[in-house]
Structures are given as structure tokens and as C-alpha cells.
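Novice: Protein sequences appear in the order of chains A and B. As numbered in the working numbering, residues 1 to 103 make up the first sequence, in order. As numbered in the working numbering, residues 104 to 251 make up the second sequence, in order.
A few of these clues could be false.
As the list claims (entries may be wrong) - Stretch by stretch, here's where chain A covers chain B in the computed footprint (C-beta under 8 Å, at least three residues): (1) 105-115; (2) 150-158; (3) 169-175; (4) 181-194.
To be verified - Taking CB as the label site, the calculated pair distances span: (5) B:ASP188 with A:ARG54: 24 to 34 Å; (6) B:ARG211 with A:ALA89: 32 to 42 Å; (7) B:LEU132 with A:PRO64: 43 to 53 Å; (8) B:GLU164 with A:ASP36: 33 to 43 Å; (9) A:PRO64 with B:GLU172: 42 to 52 Å; (10) B:GLU191 with A:PRO49: 41 to 51 Å; (11) B:ARG111 with A:GLU72: 35 to 45 Å; (12) A:GLY65 with B:THR186: 49 to 59 Å; (13) B:ASN142 with A:ASP36: 32 to 42 Å; (14) B:THR240 with A:ASP41: 36 to 46 Å; (15) A:ASP55 with B:ALA171: 13 to 23 Å; (16) B:GLY143 with A:LYS83: 17 to 27 Å; (17) B:ASN142 with A:PRO64: 28 to 38 Å.
Said to hold, decoys possible - Distance condition first, Cα-Cα at most 30 Å in a straight line; then the derived BS3-like pairs of lysine-lysine: (18) B:LYS241 with A:LYS83; (19) A:LYS83 with A:LYS37; (20) A:LYS37 with B:LYS241.
No lab work stands behind these hints, which were simulated from the structure alone. Values in this document were obtained by computation on a predicted structure and should not be read as measured data. No residue lacks a Cβ here, since even glycine has one placed at the ideal position from N, Cα and C.
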Amino acid sequence: MLRESIEPSSSSRACFPRASYIIMTVNVLLFASYADKLGTDSLSLDLEPGATVRDLLARVRELPGADRLPHEPLVAVNDQYAKSTQTIAPGDEVAIIPPVAGG
Amino acid sequence: MRTALVDRPIDVAALLRDVGDSRNGATILFIGTVRDVNNGRAVTGMQYTAYHSMAERELSEIVREASAEFGTSDIVVEHRLGTLDLGEASVAIAVAHPHRGAAYDASRYVIEQLKRRVPIWKLEHYVDGTREWVDPTKSAQPAGVAND
């Protein structure tokens, strides 16, 4: 799950590589039929900084049951509908929104 | 203007009082109720859930838009959550305006946008004991007709 970034040591190129773990943890809310399909109403995903909504959905699709989600479900970031290119920031609240049926 | 998600029966008389003002010549009250048949299946009840914070935000935004577009701040919307029996009100929209045309238009705008944007979902309970999440995008009826 962790993305590893290997950098050469500043002191010597022959030295052991230094692994730095640069990630952010994002909470993802699921509702109604989507919560049923994935068997949970929330996920905690580790993403690289700069990850977009599209990147997040790609990670969600790796999870059991996620093959039953539509290809491009609606996503909200901090209570507002988001485009697939929107960048996610640490601490953002992300939600995957099933077809709404109020009224 | 006022919007609320509530987990108790909607008091439509209170909504009418809230929009009442002597400058208004027309008041429209829309009530959406739980219907006994949906897409040909006999329904016994309905369970409503919401993404609470976003639903409140989106509902408030819709009412602000309606107010700006149709020229009245006398708009009150309540949407109920939880388990409802047949015939109970799931949503009520009260709009008052000096003139009836704009009052009708604003009321229609609010319900149509609500159905399109507000993250609320309903689990339909059928006579045979099964339950299913309503998906208007797969409905056999035109969008916006279901459960009006």
C-alpha cells in the first residue's frame, strides 16, 4: 500500500538508499447501495500527495465488491460535487455518491 | 428561508406559517408522499437516509438559488429521514410570493433540483418482504416522476 520513493544518499551514491514514505490518509464515505456493495460505510485510503479524485477511484476499484460500482460514480469532496481531475488535500472528506433519490 | 432534515413527521401548517407575510398574494405548498406502488411493485414503506452535512448544504444552496431567481425569500423546505409509512410526507416545500406564477415556478425549481442534487437515498420495502435502494437512473419512468 505504501508508495516508496528511493533517493540516493546525499553523502555517497554507493550508500544504502534511503526510503521515504510520503503518503496522506484520506477518509472516504460510502452510502446506501454503494455501502452495501463494498460491505462498509467508510474507507481509509493511503494516497500520494497530489492524488486526484480519479486516482482515488482507481484505488477504490481494487477493493472487493468495487467491481459492482459504476465506472465513474459521483464523488463529493468536502460536501461539494467534485470533478475527476480535482486534487485531494490531506484532511479532505471524500464521499462516493450513489444516484440520489430524495423527494 | 429555512431548510431542515428532520426525523419526525413534517408539520406542514408550521411551514405555511413560516412563509406567511401580508406582502404575498400566493402561497404554494408541495408535499411529496410515500406511494403504494413504484415501478409496478407493491410498496409497504420507505426508509430514507442522507449524507447529512452535504444534503443540508445542497438544500440550502438550492433555496438560495430559487430565492435569487424568482424573487422571494419566503421559502421553507423540510425533508424527512428514517422509516416512513405509506401516505406519510417525505418532503414539503412552502413558497410564498406576491404573485402566483413565480410561486409555482420557485416551488417546481426546488423539488426538481432536490431530486437531482441532494444526497438522500431511499430503501423501498416491498409487500414480499424484500428491500431495494431506489435508483432513479434505472427507473422505467421518466426522471422526476418517481414518487412525486
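Novice: Next step is simple, just say for each hint if it's right about the structure.
Specialist: A quick look at each hint next to the structure:
no., hint, result
1, 105-115, "violated (count 0)"
2, 150-158, "holds (count 7)"
3, 169-175, "violated (count 0)"
4, 181-194, "holds (count 3)"
5, B:ASP188 with A:ARG54: 24 to 34 Å, "violated, 42 Å"
6, B:ARG211 with A:ALA89: 32 to 42 Å, "holds, 38 Å"
7, B:LEU132 with A:PRO64: 43 to 53 Å, "holds, 47 Å"
8, B:GLU164 with A:ASP36: 33 to 43 Å, "violated, 28 Å"
9, A:PRO64 with B:GLU172: 42 to 52 Å, "holds, 45 Å"
10, B:GLU191 with A:PRO49: 41 to 51 Å, "holds, 48 Å"
11, B:ARG111 with A:GLU72: 35 to 45 Å, "holds, 37 Å"
12, A:GLY65 with B:THR186: 49 to 59 Å, "violated, 26 Å"
13, B:ASN142 with A:ASP36: 32 to 42 Å, "violated, 19 Å"
14, B:THR240 with A:ASP41: 36 to 46 Å, "violated, 21 Å"
15, A:ASP55 with B:ALA171: 13 to 23 Å, "violated, 36 Å"
16, B:GLY143 with A:LYS83: 17 to 27 Å, "violated, 37 Å"
17, B:ASN142 with A:PRO64: 28 to 38 Å, "holds, 30 Å"
18, B:LYS241 with A:LYS83, "holds, 23 Å"
19, A:LYS83 with A:LYS37, "holds, 23 Å"
20, A:LYS37 with B:LYS241, "holds, 17 Å"
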